Amino acid sequence: NAGVMQNPRHLVRRRGQEARLRCSPMKGHSHVYWYRQLPEEGLKFMVYLQKENIIDESGMPKERFSAEFPKEGPSILRIQQVVRGDSAAYFCASSPLAGVGSGVETQYFGPGTRLLVL
Amino acid sequence: GQQLNQSPQSMFIQEGEDVSMNCTSSSIFNTWLWYKQEPGEGPVLLIALYKAGELTSNGRLTAQFGITRKDSFLNISASIPSDVGIYFCAGPIIQGAQKLVFGQGTRLTINP
Chain A
1 NAGVMQNPRH
11 LVRRRGQEAR
21 LRCSPMKGHS
31 HVYWYRQLPE
41 EGLKFMVYLQ
51 KENIIDESGM
61 PKERFSAEFP
71 KEGPSILRIQ
81 QVVRGDSAAY
91 FCASSPLAGV
101 GSGVETQYFG
111 PGTRLLVL
Chain B
1 GQQLNQSPQS
11 MFIQEGEDVS
21 MNCTSSSIFN
31 TWLWYKQEPG
41 EGPVLLIALY
51 KAGELTSNGR
61 LTAQFGITRK
71 DSFLNISASI
81 PSDVGIYFCA
91 GPIIQGAQKL
101 VFGQGTRLTI
111 NP
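If you read the sequences in order, they're chains A and B.
Each residue of the first sequence is one higher than the last, beginning at 1 in our numbering.
Each residue of the second sequence is one higher than the last, beginning at 1 in our numbering.
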C-alpha cells in the first residue's frame with residue numbers, strides 16, 4: 001500500500017523560472033493538502049483540495065502560486081516566477097475523509113519536495 | 001490566528017534519558033497531534049489526543065492533553081538513538097477544520 005508520493009524530491013530553479021511540484025495521494029484518498037516548511041520552522045498550511053475543487057486556499061500567497069487536483073492524475077502545486085524566498089520544503093498530505101468533524105489525524109504526509117531557488 | 005509555541009526549541013541528551021517537551025497555545029484546541037519528522041522526510045503522526053486531561057501512550061511515548069485545552073505535553077522514556085528528530089505539535093486551525101497549524105518544533109539530539 002503505497003504512501004503519499006511527491007516528486008521531484010529535490011528541485012533547483014533560477015529566479016524567474018517556474019516550479020511544478022506533484023503529489024499523488026494514497027490510494028483511496030480524495031483530499032489533498034499542501035503545506036510549506038521554511039528552515040527551522042513548522043509546517044504552514046497553504047491549500048486544501050478535493051478532486052477538481054479548491055476547498056480552502058487561505059494559506060496560499062495571492063500571486064504566483066496556484067494549485068490543482070484534476071480528476072485524473074496528481075495534484076500540482078505551481079509556483080511561477082520563483083524568488084529566493086520560495087526556497088522551502090513543500091509537503092503534501094492526503095486523507096480519505098471529508099467535511100467538518102472528520103479526523104484531522106487521518107492526514108498522511110508525503111516525503112516533501114525541497115525547492116532551492118538560486 | 002492560532003499559534004502553537006513549543007519548548008524547548010532543542011534538546012541535547014544522553015541515550016537512556018527521559019525527555020519532556022510541551023506545546024502551548026493562546027486559544028483552545030479540541031484536538032492535539034504530535035508528529036515526528038526525520039531528516040529529509042515528512043511528519044509522521046505519533047499520538048492524537050481528543051479530550052481534555054487525556055493521557056495516551058504509544059510505546060515509550062506518552063502525551064497528555066492539558067486540562068485547560070491550551071497545552072499538551074510529550075514525554076519519551078529511556079531515549080534511544082532512533083528517537084533523534086524534530087517533534088511537532090499540531091492541531092486544527094479552527095474546530096472541525098481539516099487544515100492544521102504546527103508548532104515550530106523541538107529538535108532532539110541524542111549522544112550515544
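No lab work stands behind these hints: they were computed from the structure.
If you're wondering where the values come from, they're calculated on a predicted model, not measured in any experiment.
Positions of the beta carbon are idealized from the N, C-alpha and C atoms, including for glycine.
Incorrect hints may have been included.
Restricting the straight-line Cα-Cα distance to at most 30 Å, the calculated cross-link-like pairs of lysine-lysine (DSBU-like) are [said to hold, decoys possible]:
| # | chain 1 | residue 1 | chain 2 | residue 2 |
| --- | --- | --- | --- | --- |
| 1 | A | K62 | A | K51 |
| 2 | A | K27 | A | K51 |
| 3 | A | K44 | B | K70 |
| 4 | A | K44 | B | K51 |
One-sided and incomplete, this derived list gives chain B residues near chain A with beta-carbon spacing under 10 Å [stated by the list, open to error]:
| # | residue |
| --- | --- |
| 5 | Y35 |
| 6 | P43 |
| 7 | K51 |
| 8 | G53 |
| 9 | Q104 |
| 10 | L108 |
| 11 | I110 |
| 12 | P112 |
Now for the hints, and whether the structure bears them out:
Using a Cα cut-off of 30 Å, the hinted pair A/K62 and A/K51 holds, with the two alpha carbons roughly 22 Å apart. Of the supplied pair hints, the one linking A/K27 and A/K51 holds, its CA atoms being roughly 13 Å apart against a limit of 30 Å. At roughly 20 Å between alpha-carbon atoms, A/K44 and B/K70 fall within 30 Å of each other, so this suggested pair holds. Straight-line distance between C-alpha atoms of A/K44 and B/K51 comes to about 24 Å, which keeps the hinted pair within the 30 Å bound.
Hint status for B/Y35 relative to chain A: holds, with the closest Cβ pair at about 8 Å, below 10 Å. This hint holds: B/P43 has a C-beta 5 Å from the nearest C-beta of chain A, less than the 10 Å allowed. Here the hint on B/K51 is broken, as its CB sits about 14 Å from the closest CB of chain A, past 10 Å. The closest approach between the C-beta of B/G53 and any C-beta of chain A is roughly 18 Å, which is over the 10 Å cut-off, so the hint fails.
Against a cut-off of 10 Å between C-beta atoms, the interface hint on B/Q104 holds, since the closest Cβ of chain A lies about 5 Å away. For B/L108, the interface hint is violated, the least distance from its beta-carbon to any beta-carbon of chain A being 14 Å, above 10 Å. Violation of the interface hint for B/I110 is found here, the shortest Cβ-Cβ separation to chain A being roughly 19 Å, above the 10 Å cut-off. For B/P112, the suggested interface contact is broken, since its CB lies about 25 Å from the closest CB of chain A, more than 10 Å.
In this structure, the hints that do not hold are numbers 7, 8, 10, 11, 12, in rising order.
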